[in-house]
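Just so you know, the protein sequences line up as chains A and B, in that order. Residue 360 in the working numbering sits at position 360 of the first sequence, and the numbers go up by one each step. Residue 217 in the working numbering sits at position 217 of the second sequence, and the numbers go up by one each step.
Because the hints were derived from the structure by calculation, they are not lab data. No incorrect hints appear here.
Quick look at which bits of chain B chain A covers, simulated, 3 or more residues with Cβ under 8 Å:
1) 21-29
2) 43-57
3) 79-88
4) 214-220
5) 227-236
6) 255-261
The structure presented is a predicted model; accordingly, all values stated were derived computationally and were not measured. The C-beta atom is built at its ideal place from N, Cα and C for all residues, glycine as well.
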Amino acid sequence: MQKLDVRLKQIPMPELPVEKRLQTFDEVALGYSEEQALAEAARCLQCTRPLCVEMCPLRIDVPGFIKLIRQGNYVEAAQKIRQENCMPAVCGRVCPQERLCVLGCKNVIGDPINIGGLERFVADYELETGVTIPDIAPSTGKSVAIVGSGPAGLSAAAELAKRGHHVVVFEALHEPGGVLTYGIPEFRLPKKVVKQEIDYVRRLGVEIKTNIVIGRTLTVDDLFDEGFKAVFIGSGAGLPKLLGIPGENLCGVYTLNEFLLRVNLMRAYLFPRGSKTPIKVRGRVAILGARGMDAARAALRLGAEEVCIFYQRKLVGRVDDIRRGIEEGVKLQPSTKPVKLLGDENRWVKLVELVKLKPGQPDKTGKTKLIPVPGSEFLYSAETVVIATDHVPNTVAAIKTARNVKVDEKRGTIIVDPETLMAADGVFAGGDVVSGAASVIEAIKAGKRAAQSIHAYLMKH
Amino acid sequence: MENEIVYKEELAPEIKLMKVRAPLIARKARSGQFVILRVSEDGERIPLTLIDWDPKDGTITLVFREVGATTKELGKLNVGDVIHDLVGPLGKPGEIALYGRVCVIGGGIAIAAAYERAKKLKEVGNYVVAIIGARTAEQLIFRDELKGLVDKLYVTTDDGSEGIKGYPSDVLKGLLESGEKFNLVYAVGPEALMKAVSEVTKPYKIKTIVSLNSLMVDGTGMCGCCRVTVGGKTMFTCVDGPEFDGHSVDFEELMARLRMYEEEEKLAIKVMEGCGCRSWM
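With the rest of the complex left out, here is chain A:
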């Protein structure tokens, strides 16, 4: 019986105990040990027609790298992933595997394989022992400018550098990484890991220039004037969307982006000794919107008395992280919608008025919209509020150019040719700035796709 049990059950990912988590911003998931990784790898059925590969946006050879783990060839396993994905240590941690590769896992009689955990194990192993730089094609003498150093920009940069192009990445903030740096908290994705992955991209020959806002400091047109032959815009979906309800500008009300920027990029949790950027979290914290789990967990670590997420249908995030948040004490109130925020005499937020929602009549397509339940308004007292609904693309680079880059007025996204990702002659775009807020892995995929067509474009021009 014992033996069967081992094969059926997934090896649990070691985690920081709940009581320790709230005292630190340290990573919660601790990663597999070698022994655990081998045991988990042993569970893989090594399917001949693996669905996990098909479900991966990057078509990573999952059974292939798991086989290498079984053989103890961890570095080779990591290299296999890295061929397709320039940041495996990031994706092993932040990919929603349960909706991608793991959903495709055919291990139907037992738990599916923890593919993310294994990816992370080999990626961390490789980062520890030193990443080998792959062969780089001879210099083409052509330069490409990349706007934004998030997942889309970095993956485009890595691919283009490997093909022998000179690549310069322009980042508006003072640190590279885009959403990996400003958006995802330390307890999910340590900044050290992000730095190591970016170092790998740099070692491919990519130059990263921070503190340059394309569309302000330089325009896309300036980049062409400076000799760049192509430009890739991967500026992400980093602009906040407000709720449009009364009281949104009261003191103590943050957008998700401001909250996360202060915590992640500015390390406000170290204020005042290790960081000069403050953040104000006190009393009860109301998180308004489905994207709020990271902020909720950060708020608990910053000393909130209670944190509750109010949202409509479904939280955005990985199942593991949502589970961890609930374990840490985050409260959830689905089927609710904020109506207004009320402040005290100093204009500090004091109360949130919300209303309960219920499914309305199905429309022609059978979809039901949530509608407010009359008379179900209720109050939640909170001294800190985070608005965590939606993000919209940042298109300042696209707007401030004479090149004919078109932006979809309704969605705010850059319009590109779906095949080549070209937005105008020599200008390409991909990632959240084209798709609207999506996932890290989709952005990496878009960056790779763009790199292919930029390469083809450069070889013709």
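Assemble chain B onto chain A, guided by the hints.
The following block gives chain B in isolation, referenced to the frame of chain A:
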């Protein structure tokens, strides 16, 4: 070297002027825009208005009062030192046009920004009256430069140590009551001053532009820390401003939001100066 301080001058006690090497910013800068800077690795991002820029020698000029931890730290840097991070130009440029008769008002540290705007408005042929105010005579920066530039200069101090005792808004009120006509009033300085100026000009229906100093983090439209209600709509000072119609700005909200981190600002200074106080531990 980029971000290197090439010139430093103490304009008045705690008020410093710095010229910084920033060729890209100098090339693109326009009147009314600002930069965001960080003095050190663990530093805070703060916005500072561009006071001058020279695309030829690749420098920008900043003027600041050492009031918070970051500005105090910045003030300690000397010629040859490098500012850790500097990004810009940010914000929408102000409108420089021929209005006719213009009144430019600057209060405190922002007299520097008022001088810059007066210079640009003068260049395009406006008749420019300037009213500047400070707490005390020694804080009246750019007074001599303005005297040589504008058509008429009024000076106020809170303590009456120079010029008229009172505020620039009082002088403006007097001028308007005595029949002076302006096609544009431009005010920059403490919120209370910009608010007072906007209230003075409102009954006269004079176009009034104010330049807001909201709190900011990224300064590129990402965070919304700087949001302000203008004409009932939420605007981001960093990308929609910093200049807005003074008659439409909700100054009460702006002033409340500026006070959000008052305690933390004091704490940061204490920690930086190492006064021995351990209340933050």
